[in-house]
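Asks: Each chain, letter by letter, is given below.
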Amino acid sequence: MTARDTRAEVGTGDVQDSGHGGPDDDYPPERLAAIGREDLDHLGARYDGVHVLHVDPPPAPGSPLEKRATRQVSMLFALAGLFAFLFVFVYVGSGWFLPDWRWEVGGDWWGLLFTPMLGISMGLSLLCVGAALVVYTKKLLPHETAMQEKHEGSNFERVTAAATLQKGWHNSGLGRRKLLLGSVGFMGGGLGLMLLAPLGGLIKNPNAGNPLGTTSWGEGVRLLREDGTPVRPGDQEPGSLATVFPAVPGGNRESDAATMLIRLRPAQVQSATARAGQEDFGYGDYVAYSKICTHAGCPVSLYEQETSRILCPCHQSQFDVTQGAKPVFGPATRALPQLPITVDEEGFFVARSDYIEAVGPTYWNRERI
Amino acid sequence: MATATAPGAPRTALGKAAVELDERLIVAGPLRRTLHKVFPDHWSFLLGEIALYSFVVLLLTGTYLTFFFQGSMTEVVYEGSYAPLRGVEMSVAYASTLDLSFDVRGGLVVRQIHHWSALLFVAAIVVHLMRIFFTGAFRRPRETNWLIGIALLVLALVEGFAGYSMPDDLLSGTGLRIASAIMLAIPVVGTWVHFAVFGGDYVGELIVGRLYIAHVLLIPAIMLGLIALHLLILVKQKHTQFPGAGRTEHNVVGVRMFPTFAVKSTGLFFVVFAVCAALGGAVQINPVWLWGPYDPAKVSAASQPDWYIMFLDGSTRLFPAWDINLPGDYTIPALFWPTLVLPGIIFTLMALYPVLERVLTGDTASHHLLQRPRDVPVRTSLGAMSIAFYVVLLLSGANDVIAEKFDISLNAMTWAGRLGLILLPAAAYVLTYRVCLGLQKHDREVLEHGIETGVIRRLPNGEFIEVHQPLGPVDAHGHGQLAYGGAPVPKRMNQVGGARRAIRGFFTPIEEPIRVELEQREESRGLATAEEGGRELTSAGRPTEGGRPSEGGRPSEGGRPSEGGRPQEPRD
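Chains as they are written, first to last, in our numbering: chain A, 1 to 369; chain B, 1 to 572.
It is worth saying that the hints were derived from the structure and are not from the lab.
Treat the hints with care, since some could be wrong.
Okay, derived cross-link-like pairs now, DSS-like style, lysine-lysine, Cα gap no bigger than 30 Å in a straight line [unchecked claim]:
| id | chain 1 | residue 1 | chain 2 | residue 2 |
| --- | --- | --- | --- | --- |
| 1 | A | Lys139 | A | Lys67 |
| 2 | B | Lys441 | A | Lys139 |
| 3 | B | Lys238 | A | Lys150 |
| 4 | B | Lys405 | A | Lys139 |
| 5 | B | Lys37 | B | Lys16 |
| 6 | A | Lys167 | A | Lys178 |
It should be emphasised that the depicted structure is a prediction, and the values quoted were computed from it without experimental measurement.
Turn these sequences into a full structure, and let the hints steer you where they fit.
Replies: This is the structure we're talking about:
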């Protein structure tokens, strides 16, 4: 019997399910041994529901076309190896027989190029491997068109699987033994809760001691610049802004305490209107506002003194310094809280109290604290 | 000796070893089935693979980075080799990031490869998702895999955010501060959520360590599991395919896994890795040493997140200042809507889309053949609308940079974004709908009247007409009788073999027409391998010629002698 006949004999649909033994009975070793490799491949494919419809053969062995393609692929693999060795050469050699790889400010060019050289040599090497493999499939492998069958689910399998499941459930008696079922449910719920309970360790009460509504500012706390020096009223030019922190240990690293001390220009002082009840929070032509944006908590840093506007670089909320730092554009809804300031007996700025409202972004019960 | 008893038994050492192995593990059957799996041969199926391979690159480079990174917020004074920051107080996380960039040989290139492949990973997921959406590949029975895909996308966003927040530099700290504000903005439980995640008020000393373990263990583990499930379901359900000759709802036409697809796909892996490696080496990304350590009182202008979070930054910038004050002095902050509700709606709609479409169209059948976007104008237009919406948000995430570079008022950019968010999606819908209908009409027209040949003929009565090449049999009026089958309709003569293939070259021809002609002649005699253009046509055309699926194979193939050597076409 020829290979072609054997192929026609193999059906399509149910052969896959014929299980072990089936094909071995149909194809004893002697018969298989007589079939060529190509046909065995197609025969096996048939068992997997795959039909090879068409094969474009690769270029004939020894043909100029094949030689050229082989040269191309080999060249790409060789280049890949070359770049890989280049990577190793640069990686290992730097600081040994090549200049040191470390990058220094104002250092030599080798340190500057070390990372690009590694990345580019690695990239070129990998790219050559990729290109070689693609050229390989395109020019040296046969191009086949295969077709694989798709099967819908089988009713037989559904019914039999369901029967096994139902039988198991029936035998367990859980449907009848209500007490057992109830206790299993109780156990499941308890066990689940028990395993989740330790996560309770994560929970902390945000309302204990009002951590969100308070900062380190308080009566008599000095305003310090970032370098720790106190500020006098004469220190700043009109129109300037300085970031100040409370004079407590670690005050300059606190996330909510940063405050902008702004000296208004004479023109601004005239047009300035404070928020109701906060008219006396400033000191002379100085006002102090929280630096933490009331929208999403970014530091509002960009002060444009011509327009009296403070801009938050994160979402572009703009606050008008002459209107009590009221938001005039963008997504922020509330004015920046104002810190009441005065001058102590030594002539340095101090806070008169903490902020009278919570600093930073709005939250659910902010107004209640 | 073995041959005497068992004909065909392996004689080589490798063959014997393989038999030994199979006697123990019985893997020959499953292996053969795997090797025979058929993959459709269309470029758009590579998109998911790109995502998969960049994930592999992420795992490789990420594991390397964990050898050096320390996710701790303990304050130290930097004494490493980056001079400008020497003596500066910073967290261990930031210091170890500097160390792995400056004091670990090759650490910087790996860190940058990691960052670039993360960007590529999310981008590939998004483009893959668009392919699935626009071709209708999510329809029954593939809704589960669509859901897994959406879950993977969301996890990828969270994973990326956790990753770039870990170094504790000024930029990532700003992002974390916004994340903290977003948590606080949740109604009722916001402050509780914040205190559980941060272990107290912002910023505390725990968050980087928690992000670290989430970034390297929790989220990647879930993602790995979901990816495995995604692929398992894919193999189980088999691929979808575009309609074409010989392609039906009950088969997949393409190439077998081994060797063609395996080699090609491995090639793709190397190309993906190569792109990430070259970018990681040559294009600087997130130079954290320039930003400096995080300081709650400092910020740099143009603080932008990675591209995949930028749409949320954009929505936050555009959303108006609308706090909702409830009785009892409770507040729902404006920040809540653009950062939590909007993405919630977006991802819920995306996840539910297959169900919505099924309910609205009443189409509950299983589909394995893909649709061309033009054939489903409503879905395509909805997709274009969503993309327009997304792009406005994305651009608004960079509106300060755009305003600065193009010297536009920042407030104008914000208003343009707000208006664009409402107007552009609607415009995109209408435009896309018209384009789809136009393309549909053109397909029908070519089927009815044939391909425009460019040949103008003058009739005896003086009328000029263009000669059309019918694609198939015509009726008494000269109208084509072919029905539209959901597959591309050839529209140029060289697509139906009526002219030689197009000369290559984008701006100017890069090859001699005469050489192409000669090559084509050689090809027709079976001497040359076909190039892409010709290949597509032949592979699409073949199944009809030889495709009697139940029998398979053309007789000429079946009868081919096959004594181990490669089959050869007859030569002249």
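Asks: All the hints need checking, so say for each whether the structure fits it.
Replies: Structure-based check of each hint:
A hinted pair counts as satisfied when its Cα atoms are at most 30 Å apart, and A/Lys139 with A/Lys67 qualifies at roughly 10 Å. Between B/Lys441 and A/Lys139, the direct Cα distance comes to roughly 39 Å. Violation of the 30 Å bound is thereby established for this hinted pair. Between B/Lys238 and A/Lys150 the alpha-carbon distance is near 7 Å, which keeps this suggested pair within the 30 Å criterion. At roughly 48 Å between alpha-carbon atoms, B/Lys405 and A/Lys139 are farther apart than 30 Å, so this suggested pair is violated.
Proposed proximity of B/Lys37 and B/Lys16 is supported: the alpha carbons are some 26 Å apart, at most 30 Å. Between A/Lys167 and A/Lys178, the direct Cα distance comes to roughly 18 Å. Compliance with the 30 Å bound is thereby established for this hinted pair.
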